[in-house]
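Generate coordinates for the entire structure from the input sequences, incorporating the hints supplied.
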Amino acid sequence: MTTTEIQTVLKKFRNDKTRLVDILLEIQSENGFISKQKIETIAEGLDISEVDVEQTMSFYHFFSCKPRGKYTIYLNNSLVAMMKGREKVADAFEKELGCKFGEVAEDIGIFDTSCIGMSDQEPAALINGKVFTNLTSFRAREIIRDMRKGMEVEEMYANTFGDSKNSSKLVRSVVRNHIKRTGPILDQNFQTGKILQKQLALMTPEEVINEVKRSHLRGRGGAGFPTGIKWEFCRRATGKKKYLFCNADEGEPGTFKDRVILTEKPEMLFEGMVVAAYAIGASEGILYLRYEYSYLKDYLEDVLDKMRKDGNLGKNPAGIKDFNFDIRIQLGAGAYICGEESALIESAEGKRGEPRNRPPFPVEKGYLGFPTTVNNVETLCSVVKVIQNGGEWLRNMGTKDSTGTKVLSISGDCLFPGIYELEWGFSINTILEMAGAHNTQAVQIGGPSGALVNPDQFDRILCYSDLATGGSMIILDESRDLLKDVVMNFTDFFIEESCGSCVPCRNIPTLLKNKLTRILEGKGTMKDFEDSQNWANMMQINRCGLGHTAANPIITSLENFRHLYEDKIQKHKDFDSGFDIASAVAESCEFVDRDPNI
Amino acid sequence: MSKPVIATTSLAGCFGCHMSFLDIDDRLLDLIELVEFNKSPIDDIKTFTKDCDIGLIEGGCCNTENIHLLKEFRKRCKILVSFGECAIMGGLPAMRNDISVKECLEEAYLSGPSTVNEDKILPNDEELPMILDRVYPCHEIVKMDYHLPGCPPTADMIWIVLHALILDVDIELPYEVIKYD
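Residue numbers (this note's numbering), protein chains in the order written: chain A, 25 to 622; chain B, 5 to 185.
These aren't lab readings, by the way, just hints derived from the structure by calculation.
As a list, the in silico DSS-like pairs of lysine-lysine whose alpha-carbon atoms are at most 30 angstroms apart:
| # | chain 1 | residue 1 | chain 2 | residue 2 |
| --- | --- | --- | --- | --- |
| 1 | B | Lys-106 | A | Lys-124 |
| 2 | B | Lys-106 | A | Lys-119 |
| 3 | A | Lys-592 | B | Lys-79 |
| 4 | A | Lys-595 | B | Lys-75 |
| 5 | A | Lys-597 | B | Lys-79 |
| 6 | A | Lys-539 | B | Lys-82 |
| 7 | B | Lys-82 | A | Lys-595 |
| 8 | A | Lys-124 | A | Lys-94 |
| 9 | B | Lys-183 | A | Lys-537 |
Every value quoted in this text rests on a predicted model; they were computed, and no experiment measured them.
Here it is as structure tokens:
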């Protein structure tokens, strides 16, 4: 890209530095990296310093200032990918290319990446933004050979396109939905536009908020804040303008339900955004779509276009006077933390996705300083159903404190991984039975930030007052080593994804990992066990939800699988540093050519 | 009753923590009333002559000599204190931890811009301590009972902690004493 071409891109975004992420994505799309020289041009065009550009770039996994190859393979290293044989695939890539992960050979780069939302069809990878699922070592070698021939990425698909909308003209991906159980959200009889035109148009914003409050709907992202109350705060907040965000940065490992909703029910989602915007008085909506799902972007844009043509978006949606609302799609660039609402807003403003201090809350001061509501994909779909059937209807489903349905992403050791929509209030046992799980040793509820639950608790109920969940359930059978495979993988995940702002979150997961490593090597003592517990408690002083929960893999496994640790601990020693003097001096002695005398 | 015995040493440190120790000024006079010193630069006793109650360790471990000494202290002292940033985290010497020890030696003895070593002699005499692959904080070698932060810990902190350990009372450190910036 020449300087003039870069300037054209900048101009397209009105030289607005808050659109830096979009600008970088567009410029990088040409050859997969952004050189120092291009950074200079961007900085000059946006009237910011080069460091400003670099600090945003360096925050996101998918930006690079060094070449990452004509083909760039990002192979998922999440727990479920590991369980389904990722290591063999990774080995095949490395052997075929003769290079390690994190390196480029023959203009092909291989890199790790955190969960890409394909836990029901792992091992999976993103190759130049396209999703490849169900990989094997055979396929890995085949893909590299296809690359050597210079094939287009789409030509490398070995299987047919996925089911339903996955095979539509604008998606054309091999991803499969695996919808196993439908409900009001995955409603097959949903009629586009009808609810907006026939029902929303007859309501006032206050009536909408009251109906949602009456439904007791709570946010489906995981935290469970009452949606109606959030909207009311935002409606009451003063600001010249208000914004509505849909959080489609589904990054919790093991979660993939939003991907399926975005694929199958985007109309319902966008209508939910219209409802929410009408309620809070927003004129602009932003769908924050994680980079991993960028293969859906053109398709979603097309849905938005249709909605505009049908009069359900843009000027006076559904014919409502004094109400204008449009939606744009904001892509992320690879950062788990951007699923946290204030980090998501920072990211949409073109900055590093670091969570903000609260107060002020986004409903008071959010995107660009204006009152902003951020709602999860599933929440916004539920809202449409509340408008359709009334708050009372939703309240009659589920439990007293958790009304309605929950779309679950089930993966791991079971016969039928996929998407299940259920009323709140089901037990873990029910789910295991439904998904065809046998010899289950443990279930990870709510992803790494949730809890590792043992069989004694399988009769516990999923709802906000017992086991809350954003929807991820990873089933682990007796063949799994919970500490080595699960807790270690999750701890690595948090080390990778911490934004680094708060000291405990930046350091403690690494310290805990060191402790766990020692325990697994048989060098641990009771002291390590106690330290882990005490240090993990310090995570509560971090700023955001990621920080608060980043030690949960350790905390919940210590709680529920204490015996696994105790079995590995040296009971006769109260301290063992594990320090080995012979290996510590080996390198220097070799270099100076002397025999170690220890 | 005999007085409590204190030992101190500086491993991979700069003696700054010991300097700060001297900064307790006239309280030194109170201290020698309360305790007896054994192995320490304070009285220049080179080897332990008896078991001690409190050991103050300045500096982390960068070579085998440091390791032996630290282990000796652990054997001889009831309470062992990481005394200052280097003992706690490796401190400034640990800046080499991101570079391989081979590269460090190469730069120091062979390829550094100010190095003159025509015969390419490397430090490999049997008498010399061996260099560790990285600089270790003390608690990664032996069990440490207390950690006194600071580069160096302030004289007031040293005094408060020592005083409390000697009299076997709770250590009370006001915020001002542990706040460094």
